[in-house]
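The task is simple: from the sequences and hints, build the whole structure.
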Amino acid sequence: MFVTVGGDDAGAGDGVWVFTIGSDGTLRRVGDTPTATGEVPLWPASDGRHVYVSNQDLSAQLFGFDVSRDGQLTPLAGSPFPARGQMSRYQSVAIQP
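If you use the UniProt record's numbering, the sequence shown closes out at 97, no skipped numbers anywhere.
I should point out that these hints are in silico values taken from the structure, not numbers from a laboratory.
Idealized CB from N, CA, C, for every residue including glycine.
Hints may be right or wrong, so weigh each one.
[What the hints assert, rightly or not] Quick list of the computed label-pair ranges, beta carbon to beta carbon: (1) F81 <-> D24: 36 to 46 Å; (2) R69 <-> G25: 17 to 27 Å; (3) L27 <-> R49: 16 to 26 Å.
Here's what the structure looks like:
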(Lines of atoms letter the chains of each structure in order from A and count residues from 1; the text may use other names and numbers.)
(Lines give C-alpha, C1' and ligand atoms only; values in the text may rest on other atoms or scores of the structure.)
Protein backbone atom coordinates (compact mmCIF):
# COMPACT_ATOMS: atom_id res chain seq x y z
CA MET A 1 0.00 0.00 0.00
CA PHE A 2 1.21 3.51 -0.78
CA VAL A 3 0.48 6.98 0.55
CA THR A 4 1.08 10.16 -1.44
CA VAL A 5 1.44 13.66 -0.06
CA GLY A 6 1.76 16.97 -1.87
CA GLY A 7 2.70 20.47 -0.85
CA ASP A 8 5.35 22.41 0.97
CA ASP A 9 3.85 23.26 4.35
CA ALA A 10 6.72 21.56 6.17
CA GLY A 11 9.46 23.24 4.15
CA ALA A 12 10.44 19.97 2.46
CA GLY A 13 10.09 21.35 -1.07
CA ASP A 14 7.40 21.36 -3.71
CA GLY A 15 6.26 18.10 -5.22
CA VAL A 16 4.55 14.81 -4.50
CA TRP A 17 6.12 12.38 -2.05
CA VAL A 18 5.42 8.64 -2.03
CA PHE A 19 5.57 6.46 1.09
CA THR A 20 5.15 2.75 1.76
CA ILE A 21 3.18 1.70 4.80
CA GLY A 22 4.96 -0.93 6.89
CA SER A 23 3.18 -3.81 8.63
CA ASP A 24 3.61 -1.89 11.90
CA GLY A 25 2.03 1.24 10.37
CA THR A 26 5.25 3.22 9.96
CA LEU A 27 5.78 5.27 6.82
CA ARG A 28 8.95 5.09 4.75
CA ARG A 29 9.57 7.66 2.02
CA VAL A 30 10.36 5.83 -1.21
CA GLY A 31 10.27 8.59 -3.78
CA ASP A 32 9.41 12.11 -4.72
CA THR A 33 8.36 13.85 -7.91
CA PRO A 34 9.00 17.57 -8.32
CA THR A 35 6.08 19.55 -9.73
CA ALA A 36 5.01 23.19 -9.81
CA THR A 37 4.66 25.36 -6.75
CA GLY A 38 2.32 24.66 -3.85
CA GLU A 39 0.56 21.41 -4.73
CA VAL A 40 -2.22 20.51 -2.37
CA PRO A 41 -5.02 18.39 -3.89
CA LEU A 42 -4.28 14.85 -5.08
CA TRP A 43 -6.83 12.80 -6.99
CA PRO A 44 -6.16 9.09 -7.44
CA ALA A 45 -7.96 7.56 -10.42
CA SER A 46 -10.26 4.63 -9.74
CA ASP A 47 -8.03 2.36 -11.84
CA GLY A 48 -5.27 2.64 -9.20
CA ARG A 49 -2.71 3.35 -11.93
CA HIS A 50 -2.89 7.13 -12.16
CA VAL A 51 -2.85 10.12 -9.85
CA TYR A 52 -3.57 13.76 -10.65
CA VAL A 53 -2.26 16.81 -8.79
CA SER A 54 -3.32 20.44 -9.14
CA ASN A 55 -1.26 23.38 -8.03
CA GLN A 56 -2.34 26.31 -5.91
CA ASP A 57 -0.53 29.04 -7.80
CA LEU A 58 -2.10 31.06 -10.62
CA SER A 59 -0.81 28.85 -13.45
CA ALA A 60 -3.94 26.63 -13.33
CA GLN A 61 -2.28 23.35 -14.28
CA LEU A 62 -3.16 19.74 -13.61
CA PHE A 63 -0.29 17.23 -13.40
CA GLY A 64 -0.96 13.60 -14.34
CA PHE A 65 1.18 10.62 -13.36
CA ASP A 66 1.36 6.88 -14.00
CA VAL A 67 1.80 4.96 -10.74
CA SER A 68 4.20 2.00 -11.00
CA ARG A 69 3.89 -1.20 -8.95
CA ASP A 70 6.44 0.13 -6.47
CA GLY A 71 4.63 3.48 -6.15
CA GLN A 72 6.98 5.57 -8.26
CA LEU A 73 5.35 8.33 -10.31
CA THR A 74 6.06 9.00 -14.00
CA PRO A 75 4.53 12.06 -15.72
CA LEU A 76 1.84 11.31 -18.30
CA ALA A 77 2.53 12.41 -21.87
CA GLY A 78 1.46 16.04 -22.25
CA SER A 79 1.45 16.70 -18.50
CA PRO A 80 0.94 19.27 -17.07
CA PHE A 81 -2.46 19.90 -18.61
CA PRO A 82 -4.15 23.32 -18.62
CA ALA A 83 -6.94 23.46 -16.03
CA ARG A 84 -8.49 26.63 -17.47
CA GLY A 85 -9.18 29.35 -14.99
CA GLN A 86 -7.22 30.55 -12.01
CA MET A 87 -6.33 28.88 -8.73
CA SER A 88 -6.95 25.33 -9.97
CA ARG A 89 -6.97 23.95 -6.42
CA TYR A 90 -10.44 25.46 -6.02
CA GLN A 91 -11.85 23.77 -9.11
CA SER A 92 -13.50 20.37 -9.31
CA VAL A 93 -11.78 17.58 -11.19
CA ALA A 94 -13.61 14.72 -12.91
CA ILE A 95 -11.57 11.72 -14.06
CA GLN A 96 -13.02 9.39 -16.67
CA PRO A 97 -11.63 5.85 -16.86
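Violated hints - listed by number, lowest first
none
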